Structure formats: C-alpha cells, structure tokens
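Q: Chain residues, written in single-letter form:
2 protein chains.
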Amino acid sequence: MSQTDTVNRRIVLAARPRGLPVPEDFRLEQVEVPEPADGQVLLRTAFLSLDPYMRNLMDEVGPVYAPRVELGAPMVGATVSRVIASRHPRFREGELVLGNAGWQDFALSDGSDLLAVDGIDPPSLALGGLGMTGFTAYVGLLDIGAPKPGDTVVVAAASGAVGAVVGQIARLKGARVVGICGGEEKCRYVVDELGFDACLDRHEPELAARLAVACPDGIDVYFENVGGEVFDAVLPLLNIGARVPVCGIIAHYNDRTLRDGPDRLPLLQSTLLQKRIRMQGFVILDHYAERFEAFRRDMLVWLRDRQVLLREDRVDGLEKAPAAFIGLLQGRNFGKLLVRVAET
Amino acid sequence: MSQTDTVNRRIVLAARPRGLPVPEDFRLEQVEVPEPADGQVLLRTAFLSLDPYMRNLMDEVGPVYAPRVELGAPMVGATVSRVIASRHPRFREGELVLGNAGWQDFALSDGSDLLAVDGIDPPSLALGGLGMTGFTAYVGLLDIGAPKPGDTVVVAAASGAVGAVVGQIARLKGARVVGICGGEEKCRYVVDELGFDACLDRHEPELAARLAVACPDGIDVYFENVGGEVFDAVLPLLNIGARVPVCGIIAHYNDRTLRDGPDRLPLLQSTLLQKRIRMQGFVILDHYAERFEAFRRDMLVWLRDRQVLLREDRVDGLEKAPAAFIGLLQGRNFGKLLVRVAET
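Sequences listed follow chains A and B, in order.
For the first sequence, my numbering assigns the number 1 to the initial residue and increments by one for each residue that follows.
For the second sequence, my numbering assigns the number 1 to the initial residue and increments by one for each residue that follows.
So here's chain A without its partners, still in its complex pose (with noise of 0.2 Å):
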C-alpha cells in the first residue's frame, strides 16, 4: 500500500506486545480521509517522530504519562504536518505545523494542539533537536543535572536524539562529557564529530570497569535514559551530591516482570543518602509552559554556531515505522529517528 491522495494508511495496535513489539503487533489500515468541520484543518503527515516513550502508552497497565493506545486505535506520536485544508482562522492551507497526527498520512485537529514550524530549515528538526528530544535534553540536564564546570557528566544512549544532545550541552558548560553508546561506529562519531571527551561501547565486556577507568574523578552528573547494565555500572561510581535525572529507562520498557533478585532497591536508598544525591523523574510534557521560550532561543543559537550538531536518522515510508520502531527500542537507530512519511 502506497500513498496516494485519496486513502488514509494508518497503522494501528493490533496486539498488545509481550516484550519487545513484534510486526504483528502493528496492522496496517486504509480508511477514507476525513473531512475538516468548522473549526477544524486536515493534516496531511510529513514526518513522524518516532520515541521510546511509545512503547510504555502500548500497555495495558502499569503507569503512564499520556493516554495510553486502545487496541485498534492508531498509534500516536508527535509530526511535522502540512495544513491542506483550513477551516480553522488561525491555520491557513499549505503551512507546516508540529502536531499529534500519530502513524498515519491524514488527521483532523482543531488546532489546539498545533505549532508552526516557522523558520525551522529542515522542518524535521520541530521534532527533534528543536523539539521534544532537544527540549527533553535541556530541562533534564540544565534543570535537574545543573552541570558545573569541571564536572564529569555521564550520558548514555549518547549517540541517540536526546543524549547527543545532552552531551553537547554539558560539554558548553565546562563540564568533561563521557558517552556510553552501542558499537564503535556511534562511539567515533560521539568523540570525532560531537566533541564529547570519551566514549564507552557498552556491547564491550567489563562495562563497569572501563567507565571507572573513564571516569577518575566519580560521575557528577548521570543522565538516565537507559537503565539496566549502564545504571549499574554508574551507581557506584556517583559523587557525593551527584545528580541523576531520570529520562527513561528504555532496558526495561519491554521488561514483563521484575528480574531476579536480590532486592537492590534499599542498595540505591542507601547510596541516596551516603552520597547525597538528587534523583529525579520528569516528563518534558510539564515543562513547556516555564522552559520552551528559553531552549527555542538557547538551541537556535547553538544550531547557528554550530555548537550543537545534530544527527537524523529517517526512513522513508509510513509503512516501515513498525520495525524502524522496534530497532529503536533495541539501540539500531543512530540519531533522531523520523519517517518521512511524505514529501514536505
């Protein structure tokens, strides 16, 4: 199935996933392409992002930070959409806005949850380094992880959306910036291109070892995106008063039940309390009333100078988002993982 101008692919929840997503866990669909009422404009899909956090909402339980995805219903996720048809006063016909049209060609809105991608060359970077990753990037590492000069900032996932981003920040603080990504290629490119001081692939034995070894002066700052090995390979090494925002944790999105034991969790209290450290949570969903003015102007700057560089990774075609999806939730992707879905 193609696109055309006519029929709306969609790709829906076929399955709830047990572990990771699998193909048939996705369906593909044609419907009609809906008609826009008053008051609404109809999106037709450029590029879709595509993000960790999607696998959590295909859940039936466990906790969520967004409706999760009825089986069905089309998966969701955020887009760079060209408006082509306009009931709206505030849209007009063929802008670009940074909407919530999920993995399909077509969508309705009302226009509350639309943006316009003014000046942003490529339009792609609305969902990336100038969008939720990049924003994600900045709250949890400025706000939560508040590098200092001189400090050692441990990012893993460091050649992906948000760590890259992460690391480049930290680096315009002063801080000595040690990545942690899969395969030698991503860790060239995180020391050669992005500047970072070191890099560590994580599919190399003795992990805990050689990130001691990296690090001789303990982590200060560890931005957690991954969990699992990387985690425990960290915790011992963090500095009194170290800082960990905690932005995912994509090792066990697809965990079914807890792992074996022992019970490590008093062990993580109580290097909380020995060492004084600042753990915390967010959701870039809170913050974007107080801080998205703020990161728009810091990143447009850094984007000019060419103090932050980033990375794309698209792939073309609605219908392959599927498995591009689960390569991401297994480390494939290098960079920012879009479909280009159509032509802008």
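Fair warning: there could be bad hints in the mix.
[Stated by the list, open to error] Derived CB-CB ranges, DEER-like:
1) Gly150/B / Gly183/A: 42 to 52 Å
2) Arg291/A / Lys148/B: 12 to 22 Å
3) Pro149/A / Asp305/B: 41 to 51 Å
4) Glu204/A / Lys320/B: 29 to 39 Å
5) Ile240/B / Asp305/A: 50 to 60 Å
6) Lys148/B / Lys148/A: 21 to 31 Å
The hints are simulated quantities; they were obtained by calculation from the structure and are not laboratory data.
Quick caveat, the model's predicted, so the values are computed rather than measured.
For each residue, glycine too, the CB sits at the ideal point set by N, CA and C.
Dock chain B against chain A, hints included.
A: Okay, now just chain B, sitting in the frame of chain A:
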C-alpha cells in the same frame, strides 16, 4: 564503675557488629582524665546524644559520611559538655558547650568544633529540637520536601526525634500529616499531643492497605527515615511530582547482605520517572553554614509559641548507652534519645 572526677570512663568499640549490635560489641574502659594543653579545653560530658547514624560508623566497609570508629576507639557522638578547665581564649571554665566528646566522661577539644549553648533551656535541646535532629527535620522537609498547603505528608518514625519535628513543621505549613510509628501509645501521642492528622501503627497487619485509606489523595511528600516495609507501603501511593527526602533507612542499617529478590531497583526508577518524583538523600552536616541560622530563628519561635513540642527520652548513666543505643535501632525509644552522663 560509677562516675568520678578522677577517672575517665569511656565506651569503646570492642567488636564490629554483625547485624544488630550486641552488648559485647561495646566495652567500658577507665583511663586517666586527660590534661589540656595550651589552646585546649577539658570537657566533662553532661548529655550524650544517641542517633541511628552511629550504627554505620561501626562498620568496617560500606559508605559512611563521617569518619568510622576504629576498633578500641571511643564511640563518637555529639554532646553537651561543661568546660571544666580552659587553656583556650574563647572558652571559660564553667560554660556549657555543644561538642563532640563521644561516649565518655571527659574529652579534650581545641575549640574548633565547639559552640556555646547560650540560653537554651534545657541545654539538652541543643542536641535535639534545637540541634542536629531538629535541623535535620527542618532542612529535609522544607528544602527538599517543600510541602504546600493541602499536601499529604507522610512521616515514618513519627514519634522519634526527627519525625516528630517533621510532622509538626509540615502541619505549620498547612499540610495534612500522616505518621507511622511503632505502637499504640506512640500513635496516640503523635495525634493527640503533636496534632498529626492520623497515625498508623506499623506493628499492626496490612500497613499498605491502611496507609492507602489514610491517604485518599495519595502522598505528596514522604520523609524517609526508615525504609523497609514502610517504604514499600508508601511507594505505590506517591503522587505525580512527589518529593522524597531521604534522611535515613534505619530498617537496613543492620543488613549484612542484600535481601532476596526480585530486584526492585528498576521498579523504583520507573516510578520516579512516571511520577516525576524527586528523591534526594541529604546529610545534615552539609547544611550548617547556609541554613542553621534560619533554623534556629524559626525553631525558637515555634518552641516559644508551643507550635512545636519536643519529647526527650533520657537514660541516666554513661554505662547504659550501649543498651539504649541497641534499643534505638529497634525503635524502643520514645522521643529524642539522650544519655545524661553528669548533672548539668
């Protein structure tokens, strides 16, 4: 061995405890009363403070935030002492000072760790409500917990030296306060005397279910000084944006190994993330310079106006310190535990 003016009785660490300390881990010794050199004062202990943190300092390994007690050395501890001989220009014979003489009748000091106990009546308050434990409650609750009017604040060890003050300050800030402590008598005291809104006896069955009933709007601040089953009951009730100052985890101080699984460390991480919780350990020694003055000012007013009530649990005689300390770790004290070593 009773107290005399010519012998220094001191309680030393005889053996490193395996789990809960036993009386044989301590030894009462008699040594000569030391002579002050130039620039020193000789102190005679009036009150010795007994506090849970001392348990950690008795271990050979594991993280500590103050120097460990060496085998054969006197147990450490804060004291209110009288200066009985002074070769130091800042201190005169006869005055009472707050210091760190440890578990002994006499000690020398160069004055650098001494504070005058001016106008504090009774002077033992300098070790409790107007000293370390009150200050711990103040900083942890206000600076990390940040209760807002209408918030639900849960305090474990609610009749203890720290918990009782936490709950009363939280009430002053307009929060609804639910205490947890061991035994019906303590619960009654916390509600009837201290004005907590509710208190649960942790020895009764079904703590988690009872806590859920007592906190119909969830928990906004949990002041952690216990860990163990109390934290297990609290965790699922924490609200979005909750704050968890971690002051102590007395339930685990005697653990010799991690408890059986499953491993709930990832569960704690994912709860912090999904609920945007700030969990932060703190050690009160870090905060004297910046916050002690404000604490003293506020607390003096609250005590004068009887907005904060304090209860001391006094034990008479240095030789009783080991048994009292073991009881403290078992929750047998009722209020701030002090040893009266000599008449003031």
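Q: Decide, hint by hint, whether the structure agrees.
A: Consistency of the hints with the structure:
no. : hint                            : in the structure
1   : Gly150/B / Gly183/A: 42 to 52 Å : holds, 50 Å
2   : Arg291/A / Lys148/B: 12 to 22 Å : holds, 21 Å
3   : Pro149/A / Asp305/B: 41 to 51 Å : holds, 46 Å
4   : Glu204/A / Lys320/B: 29 to 39 Å : violated, 57 Å
5   : Ile240/B / Asp305/A: 50 to 60 Å : violated, 37 Å
6   : Lys148/B / Lys148/A: 21 to 31 Å : holds, 29 Å
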